[in-house]
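Visitor: Can you make the complete structure from the sequences, with help from the hints?
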Amino acid sequence: MLTHLRLLYLFENNLSGTIPRSLTNLSKLNTLSLFENQISGNIPWEIGTKLSDLKLLILWGNQLSGDIPNSLGNCSSLEILYLDANQLGGTVPMELGKLNFLARLRLDSNKLVSDNTNTLAFLTALTNCSHLRELALANNSFTGILPTSIGQLSSNLNALALQGNMISGSLPQQIANLTNLTYLNLGNNLFSGNNPSGIKRFHVLEELFLRRNNLEGAIPSEIGQMQHLGLLSLHHNQLSGKIPDSVCQSQQLRRLYLHHNKLSGEIPVSLEGCQKLELLDLSYNKLGGKIPVEVIASLKNLQFYLNLSWNSLQGTLPQEMSKIVMAQAIDISGNRLTGVIPISLGDCTALEHLNLSHNVFVGQIPDSLSKLRNLLEMDLSFNNFSGQISEAGLFPNRTVVILLMGNTGLCGPKIYSLPPCPNLTQRKHSPLKKVVLSVVGTIGFVLCCFVIGILWRLKISRQQVRTSSFIFRMLGYPKFSHQDLVIATSGFDESNLLGVGNFGSVYKGILRDRKIVAIKIFNLQNEEAQKSFKRVCKLLGRIRHRNLIRITSAFFYPDLKGLVLVFACNGSLEKHLYPDRDDEGFCKLGLRECLSIAVDVAHGMEYLHHNCPLQIVHCDLKPSNVLLDANMTALVTDFGISRLTTTNSIDSLSTTTFALRGSIGYIAPQYGLGGNVSIKGDVYSYGILILEMVTRKRPSDDMFVGDMSLQKWVRSAFPDRLAEIVDSGLWRDMNENMEDNKCLIYFIHVGLLCSSESPREKPSIIDICNTLEMLKTSLMGGAAASNITSIISELLENTNPTGTGTGTLASDSQSSTF
0 MLTHLRLLYL FENNLSGTIP RSLTNLSKLN TLSLFENQIS GNIPWEIGTK
50 LSDLKLLILW GNQLSGDIPN SLGNCSSLEI LYLDANQLGG TVPMELGKLN
100 FLARLRLDSN KLVSDNTNTL AFLTALTNCS HLRELALANN SFTGILPTSI
150 GQLSSNLNAL ALQGNMISGS LPQQIANLTN LTYLNLGNNL FSGNNPSGIK
200 RFHVLEELFL RRNNLEGAIP SEIGQMQHLG LLSLHHNQLS GKIPDSVCQS
250 QQLRRLYLHH NKLSGEIPVS LEGCQKLELL DLSYNKLGGK IPVEVIASLK
300 NLQFYLNLSW NSLQGTLPQE MSKIVMAQAI DISGNRLTGV IPISLGDCTA
350 LEHLNLSHNV FVGQIPDSLS KLRNLLEMDL SFNNFSGQIS EAGLFPNRTV
400 VILLMGNTGL CGPKIYSLPP CPNLTQRKHS PLKKVVLSVV GTIGFVLCCF
450 VIGILWRLKI SRQQVRTSSF IFRMLGYPKF SHQDLVIATS GFDESNLLGV
500 GNFGSVYKGI LRDRKIVAIK IFNLQNEEAQ KSFKRVCKLL GRIRHRNLIR
550 ITSAFFYPDL KGLVLVFACN GSLEKHLYPD RDDEGFCKLG LRECLSIAVD
600 VAHGMEYLHH NCPLQIVHCD LKPSNVLLDA NMTALVTDFG ISRLTTTNSI
650 DSLSTTTFAL RGSIGYIAPQ YGLGGNVSIK GDVYSYGILI LEMVTRKRPS
700 DDMFVGDMSL QKWVRSAFPD RLAEIVDSGL WRDMNENMED NKCLIYFIHV
750 GLLCSSESPR EKPSIIDICN TLEMLKTSLM GGAAASNITS IISELLENTN
800 PTGTGTGTLA SDSQSSTF
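Quick note: the sequence shown uses numbering that gives the first Met the number 0, first residue 0, plus one each step.
A portion of the hints provided could be inaccurate.
Computed cross-link-like contacts, DSSO-like style, restricted to lysine-lysine with a CA-CA straight-line distance of at most 30 Å [claimed, not checked]:
{"hint": "1", "residue 1": "K299", "residue 2": "K507"}
{"hint": "2", "residue 1": "K299", "residue 2": "K696"}
{"hint": "3", "residue 1": "K241", "residue 2": "K289"}
{"hint": "4", "residue 1": "K696", "residue 2": "K711"}
What follows is a list of derived Cβ distance ranges for each label pair [what the hints assert, rightly or not]:
{"hint": "5", "residue 1": "I663", "residue 2": "E45", "range": "51 to 59 Å"}
{"hint": "6", "residue 1": "E45", "residue 2": "N12", "range": "17 to 25 Å"}
{"hint": "7", "residue 1": "G88", "residue 2": "N396", "range": "52 to 60 Å"}
{"hint": "8", "residue 1": "N610", "residue 2": "I663", "range": "28 to 36 Å"}
{"hint": "9", "residue 1": "N396", "residue 2": "D700", "range": "27 to 35 Å"}
Bear in mind the hints are in silico, worked out from the structure with no lab data behind them. All figures in this text were calculated on a predicted structure; none of them were measured in a lab. For glycine and all other residues, C-beta sits at the position ideal for the given N, C-alpha and C.
Guide: Now the structure itself:
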């Protein structure tokens, strides 16, 4: 018996069955971590009676059922208790209030209920936990009202999550006593009444979710006193009155959701103060007046979407729309806007979706819209546009979904369901005959469209079902119904949105078995996204490696298709390099963490390049496509534009013509010269990844203009002036001994070699793995420390960082075919 065992980690396996009671005989145990398994049954009562030294109990992401044992209240040293994403029922034990050292309590995504008196009395008991910092109770079946004692929870509490329950009544004013909250989510409940004016006391609050309740009255002006507020979600309530001018007093506001309320008045010009807005949704309200030019001109950082649809806005569309150059979607449909579409709208080159339907726009559709090179869908229906659309269409070289119905003055190709443009030499018909022909033609056209639509729908549905069944039958992955996916993501609510890309969106989901996953939804309107989906499906059964994201299933329905992926709880490498929150605006990754991540990524790429049944070139390696799991193990993800080799060559895909894809700054320069897809292209991206981790500078940073690039900037200071280029946080954490400094130099040198412009001078990923493994061992003080110096010293002698030599790492028996 391991009587002195203190730490037991068995997480992220396929363990099943129940938790053995004999485990509780390990009386010295202070950490028990079994999360992300398939363990079922009850939590043994003995855990609370025999494991008195327990400090961390982490059981989330299993299939545990039954009640939470009262005996856990006896674990007097317990600091972290994670029981979320299980099937636990019953009430929350009052005994948890005895845990004086409890700092983090997660019980969300279970089947917990209120007690027989329909109260949340356990919250009162938890006020005794004076060290409590995080309390997550979301997505359960709690009812009743919030007790006023909620304001007596720990003054250290910085995160409170109660969304997805059935809690009713008004919000108690006492909740404003929790002045150290940075995250408060009370959404998807039954709260009513007005917002408490005391919210001004949330001085450090960064994210406030009150969406999908029955809140009434005006938005309190005190909301502007929350100076750190970055996200405000009040949508789907009954809020009325004007949008207060104070909203943008918080200059950190990045996402503002006020849609589906009863807000009236004009859009306040004061919104121009929200200089950092990335998303603005004011749709489905009663807003009137003109769209303020000042507000539109200020939305230079809007990255996601602007939605002003279904209000009563009037006037013209401002010329300043050209300022919203980063937005992916603009929806101003369902208003009373007049005039012509401004030519400047064509400057919004990042737009993928544009909806100006159901307005009173007139004139011709401007040719400048053809400059929207990323556009996937444009809805201009039900306006008063006129003029002729050429037979080549608005976007002759691209497939874009365009809706133009309801514009009686337009004529053009049948693909837009428009009447043919009149032939002036054609014999004129009498007015009566014109009417008759028009009516008969319209009826015939509608009937034909109806019949064709039904037949096409049936054909597509059958094809999709066959395709979906084939994928699942061949690969043996579990099926998910459409309803399963909707429930898992709370109706694809934005609170579960993990990210948005060119091909679709990724949501956090909780499945029926309480397992947490990531669900990627592909954009059905994007032809490239559909190709991407098919390409990923081809890889489903072919790749499996500890450093590659695991795809657990795929789904294919007429209106929804995508992937179910393993959830990486620590997010992307990009989010660690560039934290969102201003009070944590520095990177916390030290040299050891950066090197460990680099080694993991290298092993993942080595598998794709050399050990996979079919060799794969990733084509889009960058920090946002590197995810980190609970152990900070790196997982390479997003194979949407990957390429498979069809030959035995390990250097290039000569059978594939490579369109310049991927992300600017990470694409190998040779691709721009028409080179074939090559594993050396991935090596180049990997080198940029290393340099970005060390410098915390994006290759697209504004400082890199003209001939200057990230690589040239690093080379200019390498190796004697590293303090000028290395991230200050990383440099500050460096030890003063020479070994750490040598490791940093070697690490940067590998990045420079990989990102050299000539493909012949790039090392193979196998050599990179071997070298970085030794470098990692050296940094950790391992036995290989004496070997690494001689190997990389030889490398430094034979290959200089300007990329003109061919050293140990740079040599490669395979010739390049760029």
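Visitor: Indicate, hint by hint, whether the structure satisfies it.
Guide: Comparing the hints with the structure gives:
1. About 28 Å separates the Cα atoms of K299 and K507, which keeps this hinted pair within 30 Å; it holds.
2. The hinted pair formed by K299 and K696 meets the criterion: a straight-line CA distance of about 21 Å does not exceed 30 Å.
3. Distance restraint check for K241 and K289: the Cα-Cα separation of roughly 15 Å lies within the 30 Å cut-off, and the hinted pair is therefore satisfied.
4. A C-alpha spacing of about 13 Å is found between K696 and K711, which places the hinted pair at or below 30 Å, so the restraint holds.
5. For the pair I663 and E45, the supplied restraint of 51 to 59 Å holds, since their beta-carbon distance comes to about 58 Å.
6. For E45 paired with N12, a C-beta distance near 23 Å keeps the hint of 17 to 25 Å intact.
7. Checked against the hint of 52 to 60 Å, the C-beta distance between G88 and N396 comes to roughly 58 Å, which is consistent with it.
8. Range check, N610 to I663: Cβ separation about 30 Å, and the 28 to 36 Å hint holds.
9. Between N396 and D700 the beta carbons are some 32 Å apart, a value that agrees with the proposed interval 27 to 35 Å.
Violated hints: none; the structure is consistent with every hint.
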